[in-house]
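Just need the whole structure built from these sequences, with the hints factored in.
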Amino acid sequence: MSLIEVMISVAILATVLTVLAANIATLSVVRSNAKEEAIVQEILTGMVERLQGESLSNLGQKNDNFSHLNAWSWHRRVTARWPKTTMNPPMTEDMPTTTIPSVATPDTVLPFSNCLLAVYDKSTPPQLISPGILAQHSGVKDLKVYLEYYRQEVMLKDLMTATKPHNTWKEICTSTGAYKEKNELIYLDDVEGDDRLNLGNVDNAAVLIRVVITWSSRDGGNRSRELTLARRQ
1 MSLIEVMISV AILATVLTVL AANIATLSVV RSNAKEEAIV QEILTGMVER LQGESLSNLG
61 QKNDNFSHLN AWSWHRRVTA RWPKTTMNPP MTEDMPTTTI PSVATPDTVL PFSNCLLAVY
121 DKSTPPQLIS PGILAQHSGV KDLKVYLEYY RQEVMLKDLM TATKPHNTWK EICTSTGAYK
181 EKNELIYLDD VEGDDRLNLG NVDNAAVLIR VVITWSSRDG GNRSRELTLA RRQ
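Mind the numbering: the sequence shown is residues 1 to 233 in the working numbering, read in order.
It is worth saying that the hints were derived from the structure and are not from the lab.
Only a predicted model underlies this, so the values are computations on that prediction, with no experimental measurement involved.
Watch out, some of these pointers could steer you wrong.
Claimed, not checked - Simulated pairs of lysine-lysine, DSS-like, Cα-Cα distance not exceeding 25 Å:
1) 164 with 35
2) 164 with 180
3) 180 with 170
4) 157 with 182
5) 141 with 157
Rendered as structure tokens:
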């Protein structure tokens, strides 16, 4: 073989190897993204099953008879409502920024901390593992789980009369457009000052529940997924 033929062969081989290397890297990212999506979908499904199976009167409030005082069901909004107040933080896998109490009591477990109590489970980190939402660390970066409660009958009326329901839904959830600084459609946090939504005290309560999960994808983007379900008293 002449030198020119060898150089051409090497150039072709280098091009092929470069393409293969790029494809391998792309496939690795795609595989990781698919794994993240599967984990997030599993969490969403598990949360919805819990919300469907739990008594309506127990949702969105402390319950001294439940481990973690039923904190997994507390109202955890994505967007602050007007006027802006302290919100329950999302459930995460991060270690709590506050001191974990040695004994779990209604006085030491507050909805305004992100601690779902390592008192019951010494896993690290404990937030989504302790209440059984995850069996082990997910491996999903910046995983956050939000939970919102809406007044179903009022919301459905607005959605059914809207010319573009998907835009109306977005405005309601993000408190923008016609729903900026309005709280009529959402159950407010702790109206009576007792850390309870008191869904069970509402006559013929109809509730629309939105579960939202956000995370940082391996490809560098911020992603989110959500599921919505309805409950009636």
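Okay, the hints, checked on the actual structure:
Restraint check: the Cα-Cα separation between residue 164 and residue 35 comes to about 34 Å, which exceeds 25 Å; the hinted pair is violated. With a C-alpha separation of about 17 Å, the suggested pair residue 164 and residue 180 falls inside the 25 Å cut-off, and the hint holds. The hinted pair formed by residue 180 and residue 170 meets the criterion: a straight-line CA distance of about 11 Å does not exceed 25 Å. Between the alpha carbons of residue 157 and residue 182 the distance comes to roughly 16 Å, so the proposed pair stays at or under 25 Å and holds.
A hinted pair counts as satisfied when its Cα atoms are at most 25 Å apart, and residue 141 with residue 157 does not qualify at roughly 38 Å.
Checked against the numbered hints given earlier, this structure breaks hints 1 and 5; the rest are met.
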